[in-house]
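Colleague: Whole structure, please, built from the sequences with the hints as guidance.
When the count follows full-length UniProt numbering, it moves up by one through the sequence shown with no breaks and lands on 272 for the last residue.
Treat the hints with caution; some may be incorrect.
Computed spacing ranges between beta-carbons, pair by pair [unchecked claim]: (1) L170 with D89: 44 to 50 Å; (2) E21 with P174: 57 to 63 Å; (3) G47 with D89: 57 to 63 Å; (4) N187 with G84: 40 to 46 Å; (5) D89 with E140: 27 to 33 Å; (6) E61 with R125: 26 to 32 Å; (7) S161 with R78: 57 to 63 Å; (8) G51 with R31: 41 to 47 Å; (9) D39 with R6: 52 to 58 Å; (10) R197 with R125: 38 to 44 Å; (11) D101 with G47: 47 to 53 Å; (12) D101 with E61: 19 to 25 Å.
Simulated crosslink set (DSSO-like; lysine-lysine; CA at most 27 Å straight-line) [as the list claims (entries may be wrong)]: (13) K117 with K74; (14) K201 with K182; (15) K203 with K172; (16) K117 with K93; (17) K201 with K171; (18) K201 with K172; (19) K117 with K168; (20) K172 with K182; (21) K177 with K201; (22) K93 with K74; (23) K182 with K203; (24) K168 with K182; (25) K168 with K201; (26) K172 with K117; (27) K171 with K182.
These are calculated hints, taken from the structure and not from any lab test. Cβ coordinates follow ideal geometry from the N, Cα and C atoms, glycine included.
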Amino acid sequence: MPPKPRALNQLQDRFCAEYVEDFDNIEAARRAGYRHNSDADLVRIAGGLLGNVNVQQRIAELVLERSPLTEQQKWVARHYLQGGCTQTDAYRKAGYRGDADSLAAAASRLFARPVFKRYLRDLQRSLMLRYQVDHDWVLERAKEWVESSNVDITEVADVQSDGTLTLKDLKKLPRYKVLGIKEISCNTSYSEEGEARVSLKIKLHERNNTALSLIARHIGFTSDYNAALNTLHKYGYDVQENEDGSIYARPFDLEEPEKADAEPDDEVEAED
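Modeller: Structure (structure tokens):
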């Protein structure tokens with residue numbers, strides 16, 4: 001079993017980051033801040049760094065992180081944003097094969113790559129723009145659908161004394177009430193005297209959230225990433241993005257509201 005790589009010090013880590021910019025080890029050592037008395041010293045230091053196995057491994061990791069995603073890796077992001085699956089599930093759906101532990105480890109490494117995180121966020125934003133929806137839109141539609149499923153017949157029609165219905169002016173009704181109507185039909189019957197009687201039949205239906213759920217899953221509102229954001233917001237943390245695409249959480253800057261002076265209760269005189 002190969003030995004576990006040792007952690008790099010700050011200068012070595014900085015050298016690795018500089019080296020993958022142009023793959024010039026001497027300039028990378030200079031930019032990293034290594035002290036040297038001459039160019040020969042710098043050449044010796046740079047050569048020693050590239051000969052360090054741990055430095056080599058870190059450079060390989062950085063190169064992998066910066067390399068462009070393959071089409072198969074992009075499909076992992078697409079499957080993940082559809083919701084209803086874990087990182088490992090999305091990795092498997094994209095066509096990767098292996099045992100459960102291997103797939104889970106590979107998926108975890110992919111989702112940890114900054115380039116993949118940026119692609120995942122950019123893809124989610126592009127989907128939101130394409131469908132012209134955001135969190136507020138989804139919440140508004142959800143509220144509308146819940147309200148429409150609870151519409152009562154008396155909200156869309158007037159019930160006459162003989163039990164017949166008279167449809168209200170739909171143009172004046174709120175949108176959610178109109179959405180609650182599934183079917184309107186008329187039935188004409190005749191009395192023994194030949195008098196025509198027109199009865200109105202209105203059928204209401206219960207709305208389901210199937211279409212809404214599909215949209216929400218497609219733009220990633222139900223992904224683990226958004227669930228984490230909602231949890232952080234719930235406990236008073238805002239999520240910020242660094243220039244390199246990484247994210248961090250910080251507490252909201254909450255100002256304590258000013259306390260208004262308490263007004264005395266109105267006194268009520270007791271009647272004798």
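Colleague: Against each hint, give a clear statement of whether it holds in the structure.
Modeller: So, going through the hints one by one against the coordinates:
1. Restraint check, L170 to D89: a C-beta distance of roughly 45 Å satisfies the suggested window 44 to 50 Å.
2. Between E21 and P174, the C-beta spacing of about 60 Å keeps the proposed range 57 to 63 Å intact.
3. With their beta carbons about 46 Å apart, G47 and D89 fall outside the hinted range of 57 to 63 Å.
4. Hint check: N187 to G84, Cβ distance near 45 Å, so the stated range 40 to 46 Å holds.
5. Take D89 and E140: their Cβ atoms lie about 30 Å apart, and the range 27 to 33 Å holds.
6. Range check, E61 to R125: about 27 Å between beta-carbon atoms, so the 26 to 32 Å window is met.
7. S161 and R78 have their C-beta atoms about 60 Å apart, which keeps the hinted 57 to 63 Å range intact.
8. At about 19 Å, the CB distance of G51 to R31 disagrees with the hint of 41 to 47 Å.
9. Distance hint for D39 and R6: a CB-CB separation of about 29 Å, inconsistent with the stated range 52 to 58 Å.
10. The hinted range of 38 to 44 Å is not satisfied by R197 and R125, whose Cβ atoms lie roughly 59 Å apart.
11. About 39 Å separates the C-beta atoms of D101 and G47, a value inconsistent with the hinted range of 47 to 53 Å.
12. The supplied range of 19 to 25 Å is met by D101 and E61, whose beta-carbon atoms lie about 21 Å from each other.
13. For the suggested pair K117 and K74, the alpha carbons sit about 11 Å apart, so the restraint of at most 27 Å is met.
14. For the suggested pair K201 and K182, the alpha carbons sit about 11 Å apart, so the restraint of at most 27 Å is met.
15. Under the criterion of a C-alpha separation no larger than 27 Å, the hint pairing K203 with K172 is consistent with the structure, at around 19 Å.
16. Annotation: proposed proximity of K117 to K93 holds, straight-line Cα distance about 18 Å (limit 27 Å).
17. Proposed proximity of K201 and K171 is supported: the alpha carbons are some 19 Å apart, at most 27 Å.
18. Under the criterion of a C-alpha separation no larger than 27 Å, the hint pairing K201 with K172 is consistent with the structure, at around 20 Å.
19. Taking the CA atoms of K117 and K168, the gap is about 53 Å. The hint is violated against a cut of 27 Å.
20. This hinted pair checks out: K172 and K182 have alpha carbons roughly 18 Å apart, not beyond 27 Å.
21. A distance of roughly 16 Å separates the Cα atoms of K177 and K201; the hinted pair therefore holds under the 27 Å criterion.
22. At roughly 12 Å between alpha-carbon atoms, K93 and K74 fall within 27 Å of each other, so this suggested pair holds.
23. Restraint check for K182 and K203: satisfied, since their Cα atoms lie roughly 6 Å apart, inside the 27 Å limit.
24. A distance of roughly 15 Å separates the Cα atoms of K168 and K182; the hinted pair therefore holds under the 27 Å criterion.
25. Of the pairs offered as hints, the one joining K168 and K201 holds, with about 13 Å between alpha carbons and a cut-off of 27 Å not exceeded.
26. Proposed proximity of K172 and K117 is contradicted: the alpha carbons are some 48 Å apart, above 27 Å.
27. With a C-alpha separation of about 16 Å, the suggested pairing of K171 with K182 holds against the 27 Å cut-off.
Violated hints, listed in ascending order, are 3, 8, 9, 10, 11, 19, 26; each of the other numbered hints is respected by the structure.
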